[in-house]
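Participant: Got chain A sorted already, so can you dock chains B, C, D and E with the ligands onto it with the hints?
Residue numbers (the numbering used here), protein chains in the order written: chain A, 1 to 352; chain B, 1 to 278; chain C, 1 to 283; chain D, 1 to 411; chain E, 1 to 300.
The hints are simulated quantities; they were obtained by calculation from the structure and are not laboratory data.
Below 27 Å or equal to it, Euclidean Cα-Cα: the simulated BS3-like pairs (lysine-lysine) are: (1) Lys115/B / Lys342/A; (2) Lys167/A / Lys94/D; (3) Lys295/E / Lys115/B; (4) Lys170/B / Lys197/A; (5) Lys43/D / Lys351/D.
Nothing here was measured: the structure is a model prediction, and the numbers come from that model.
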Amino acid sequence: MLYREAGQFKTSYQADSQIFPILQDRIALLSLLVVAIVVVPQLASAYTLSAILIPFLIFSLAALGLNILTGYAGQLSLGTAAFMAVGAFASYNFIARLPGLPILLAFVLGGLSAAMVGIAFGLPSLRIRGFYLAASTLATQFFVVWCLTKIPYLTNYSSSGVITAQKIVIFGYSFDTPASKYLLVLAVVALMALLAKNMIRSNVGRSWMAVRDMDVAAEVIGFRLMRTKLLAFAVSSFYCGVAGALYAYAYLGTVEPEAYSLDLSFRILFMVIIGGVGSVLGSFLGAAFIVLLPVFLNIVAHSFALPTSVASNLELMVFGALIIFFLIVEPHGLARLWQIAKEKLRLWPFPH
Amino acid sequence: MLMNEPDNRFEAALANDSGGRKIGPVILDMQNISLSFGGVRALTDISFNVKQHEIRAIIGPNGAGKSSMLNVINGVYRPQQGEIIYRGQHRKNMDCYAAAKSGIARTFQNIALFKGMTVLDNIMTGRNLKMKSNFLMQALYWGPARREEIEHRVKAEEIIDFLEIQAIRKTPVGRLPYGLQKRVELGRALAAEPEILLLDEPMAGMNVEEKQDMCRFILDVNDQFGTTIVLIEHDMGVVMDISDRVVVLDYGKKIGDGTPDEVRTNQDVINAYLGVAE
Amino acid sequence: MNHAANTANAAVTAAAAAPYLSVNNVEVIYDHVILVLKGVSLQVPQGKIVALLGANGAGKSTTLKTISTLLRGERGDVTKGEVQFKGERIDQLTPNELVKRGLSQVMEGRHCFGHLSIEENLLTGAYTRNASRAELKESLEKVYHYFPRLRERRTSQAGYTSGGEQQMCAIGRALMAKPSMILLDEPSMGIAPQIVEEIFGIVKDLNSKENVSFLLAEQNTSIALRYADFGYILENGRVVMEGAAAELSANEDVKEFYLGVSGAGRKSFRDMKFYRRRKRWLA
Amino acid sequence: DDQYVALPSYRVGPYAAGGSGFYGGIIDYFNLVNLSGGVNGVKISWEECETEYNPSRGVECYERLKTKNGGATMVEPLSTGVAYGVLDRLATDKIPMTTIGYGRSDAANGKVFPYVFPLITSYWNQAAAMIKYLGDKNGGMDKLKGKKIVHLYHDSAFGKEPMPVLDALSKQYGFELIKIPVTPPGTEQQSQWLQIRQANPDHVILWGWGAMNAVAIKTAQRNGFPREKMLGVWWAGSEEDTVPTGDAAKGYSAMTFNTPGNYPLMDDIHKKLYDAGKGNLADRSRIGSVYHMRGVSAAILWVEAMRTAQEKFGKGKPVTGEQMRWGLEHLNVDEARQKAIGALGMLPVVKTSCDDHEGSGAVKVQQWDGKKWNAITPNWIIGDKALTRKLLEESSAAYAAEKKITPACAK
Amino acid sequence: MNLNFFFEVLIGGLLSGVMYALVAIGFVLIYKASGVFNFAQGAMVFFAALTCVGMVDQFGFSLWLAVPLTIVVMIILGIAIERMVLRPLVNQPEITLFMATIGLAFFIEGLAQLVWGAQVHKLELPIEDVPSEYLMEKFNILVSQFDIMAAGVCALLVTSLALLFSQTKVGRALRAVADDHQAALAVGIPLQRIWAVLWAVAGLVALVAGMLWGARNGVQFALTFVALKALPVLILGGFTSMPGAIVGGLIIGATEKMAEVYIGPLVGGGIEGWFPYVLALLFLLVRPEGLFGEKIIRRI
Ligand SMILES: Nc1ncnc2c1ncn2[C@@H]1O[C@H](COP(=O)(O)OP(=O)(O)OP(=O)(O)O)[C@@H](O)[C@H]1O
Ligand SMILES: Nc1ncnc2c1ncn2[C@@H]1O[C@H](COP(=O)(O)OP(=O)(O)OP(=O)(O)O)[C@@H](O)[C@H]1O
Ligand SMILES: [Mg+2]
Ligand SMILES: [Mg+2]
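Next comes chain A alone, as it looks inside the complex (with noise of 0.2 Å):
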């Protein structure tokens, strides 16, 4: 009986409307939060830092935004890596052509880049729905991507059409080290994460919900669809476009637009579907199942000692045979299924 909310009798709305309610959640992230800062720096090793937490992290932020736009505005899209190259590139350009520009403030402003090239790409939004919109999304895709392969201005001239990112320096101090960057990265995910968990506990969140479960009706209570729907792509893109920027700066360096290939797209997606539609946690944990997974399962591949073509194939396999597996085991997502576990856990000994 570990995890109870008996005994917790919330007194008035406002405790009961804080973000985790119950106590032990919160001790639960704080603490996390407390690992995270304080442990996780000290104990990892620069592998875990640069090469999984914190692209883990930037999939998290990029699964967030795509997250809020089809899990919460129920806008099935395709076009996420087109919204991250967008904020990449852009901060790219902002620091490159303004010199002194705070690097936070680039991110801001990449990020409000992608906003906008979402809101345009969103307009379709309007009239077209479902796998209609997602497969049109893809126009977004192909579209931004050639933008920055043609267009030698977005990449600042560069002659192999890569942007190399600035070294990141916020007053005066350099991101270089691992644990820096983790740190940068980890501060910039959990603040923004906590935005969007405080929008979806308002009325725009309420908003996107109520548009996404059933829009006729959502029009019909006084929400107007085009507004919400086009914030939620205004969000949501700007979400991925600070996800690309930190994709660029924090983690791979030296960028080619094809880094942002439609793949990403799909691996974010999946990330979204496998943690759970329209979940904040579900982001986190699709995110990690889907940059830890195929580690975890190249390193057992690797271990029995197969000749390597075959360990490569047979992960493949695995990993589609367990995306499959947990969307049978829980359609909703890793989130749901923690959510059930944590009923089960609240109930037990006692079950039912």
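Facilitator: Chains B, C, D and E with the ligands only, in chain A's frame:
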């Protein structure tokens, strides 16, 4: 009741529980409304009006055009002909947002709740037009946004209490049985503190006891908040008992309009709908 | 619930007619955590109409879905008990096999195929029958005879028809399979009173002329008990009362809570239970 | 102790065919070296990690592999995206990376990119060599005047890379350069080939990668464009690019930095490895294929770098990444050395320095006869190196400025 | 403007469109019958072609033996997919099923390469991919004879599948299933069996597409990408319409080639990647359900 009235109507209603219902002037006037879908004529030249504070029932056989009429009133459908006069304003058709903004709320025949959201959230959505803070403030969940959220939460809780659905406040509505969903839907509409409440078969799929409860809710809303109610219902017992005036549609045409007693004895209505005089 | 009475009653029904359909002590859990049916048992003798009554959320629909094995698609699990139809366990069969064996369900909330026309909807109902065109035509005619409104709308896409029309379509669709037993979930919902009477008339008709058995979950208790032979009352996932329809109609509690008539006869909805709400408001 | 190198490889996904051939070649040569006692007695060890050609998985692989077994001393991702992803990390980690025949051309400047080695040749030198070859073919560079050359390219950083060189040369020699992009992955090229047919060029440079190549050759055939007029880059000149086209590729030629043919070394690989069941390729018929041989060449250069480094820092013990870097910067794989290895002429002579991490820039042209590739230029071709050098200086200077690097030779 | 060239571009585009349609049909088939957007269609095309070629290359079977054997394999695959993936996921939201097909795509890709290796193969069909001499001489227009044959195959496939959907009881049942799984079950439609059959048929369509595309481009992993070319065709033609796939294919094929040839050079080229999507998107703004797709019913 006007939109800019203070938000504390619930308390006000509680405080002076006078219950005196005075039927006022015509608030909504539908004139010569015609609506068709391709070849299907859902409504043909229908006129009727709704007075302030009254309970107005629309009855008629299946496919008569009742739901379509409600859809016209709040702008889901645009009639090809006719005029809607609401609070003195003449319009060719309504628009969903404008309708909601000017105090028209409704429930649907095939429940249209937001399935993925909890009961509380569903009811909170009903209050969206009254929320003023912008999304940035909401994202920060700071100051006015936070206060506003809590203020509205109080209202939502009042409705939850009123409808006696406290126990399921945090349950996702998709999991609720049909009858409770209907109640939540009513709650969502009430949360908007509407001037006119359009109810499309609010009692379908309920047993007598539940219908009694629902009637009570409707009467209370009408009594205490003075809300005008337009109601579609197939249970003649209910319609005859609680409505002030009844309009009868058949095949998209109006075949009767009047007090329950008048309608009950109207031969056309008996032939088309009631079968036997009750 | 009095256990002894339960078994006694079961014995009585069993003696009257071998149960055509029997549900034995079924327990159902949704989503691995939500316990909805807590040991429901009921029988439907051949050629009888049995009504399943109860408040919202009592578990009527769940019971019907358990029988028709449609529960699986809603993440519900039968954790205990068994269902028998014509003396055979059916809980492991697919719905297709059930329909072939003559057990059809009309689901709550219509569930018409929105993009198909009304007539196509009806025709899918005959999927399991290897019927000739002529036979199909005849069955269609029969449904149209019962529901003339459907004939008028036969070429409309079901998604665009009115609520009542969809309900008729759903019932008609089930009839197309020529079942020997029908599970009807709230057939009267959203139907004009005249048609409700007609639907129940059809039920009675099929029952007496074609010996079709019915298990109907219904909120409209008065009409259900008028047409049914036998009734079960479900509360909170348990059977709390059962008996012959006439017996139930005469029961004081049933009268008060399900039929809306108390000692003084039928009360106006306007005056009903004012106190309850009032009390709460004043508290 | 072993000399450990990291192999972030790919054996699944769209480029699996190339990846398995290339890494198979590397591992075969390593095994062969180990069989004969290693490099001065030091055995080579390696670890593979599946990148699926995906930058972010590639970075993870690099980070995972680099700390294994006491630290990796060299890495080769055979993917531009992955190479970019790890580029910034190399100097801090002190691990040299080779990008043989791909990646940034300007990385040949060791003063700016001390840890990157685009060994043998870069895209710019390839482009220059291609024009040189076409000039020779036409009977002299001056004959190029007025000729039409189509640059049919993979519409990406890769395909755009040679443009500065091609543009400069077209101006210099007066041929018309028509650039036609192909949207990746390039499974449909009907419109491009119609355009080409319409332009009726004298030559088509096929700057393709992956599936695009076979499609280009097939589409050329379906549009009746002679394959003899097509000249592919070295990533468009392997069995993987021609075999799937059947006979369509007959007469098609492509650049290469390996001379196809038989070498004592390849015989050894057959005998000592595959006959003993120790070969890395699943399919023996791929031994000696272009990708396989390219892998073997890469491995030869690495082993030579180890040898060179050991000579300076102590024979018989493994060298560190830093020392390996020195070794790579002081390579001298001349003909005598090639002969000793049993691979004389398989690759050009490679001699590196701080200024020149490429070490050669020489290529050959090979032609597909329907069954196999045959070299059709007896000598190694070198294009206008002065031009590429100039471009290289400019571009690497810009990079250095952007990254605030002061160009200098590492010790 | 050179009229002859214009016609070549047009015809070439139309025929390319047919090739796209061939892949699109597989999607339509599954979507129409279950409301599932089958992400694994590309992987199935690859798997089918590779299996067939693998048997020829590695076991030395003749094409006439390999094709029937592959058909058997695809049928088994279809049945297995129904049992292991679809059956447990019946009545789940579309997006869940979509995700499951993504998992499936990974699985099939891995399986194909595990069994047959990563090498590329050539596939030679009896008809060669060279310009038709007849047309060349007669009209001075250059059209590949292979493409003409592909168009014939495609027309045949579409006609027979369209007939299946519109004329048979199974066709009706399939459309019912796409609307509402639960209700389809309730009326006794044997969902499981139908799905198994359907996925098997989709496997066959994948085989046909795989053979033709494989003969055109070689059998290699990139076959999975042809799905990308089919998507705009789908949205333009409508997810639920067989004729839509063909018409959509023709429109997309023709316009994308025209655009690349006539507009491309003005903007730096390479617009084929996004042009069809933008075109389809603009079209959707007019008709949100595509050319022939079923109208999305939004009613309350
Ligand atoms: N898919 C589901 N997931 C979780 N809970 C469910 C689900 N379906 C039904 N329930 C729960 O099961 C209980 C019984 O529901 P059921 O639909 O059987 O009631 P009912 O008697 O048919 O009610 P009504 O008269 O309103 O139709 C309800 O409390 C409901 O919340
Ligand atoms: N969007 C639409 N498209 C096409 N036809 C429609 C549409 N909406 C309603 N109809 C048709 O208009 C007629 C009236 O429908 P409506 O839903 O208003 O009936 P109703 O009176 O509410 O019936 P019920 O009591 O059965 O709900 C019906 O025949 C219906 O099929
Ligand atoms: Mg209605
Ligand atoms: Mg029910």
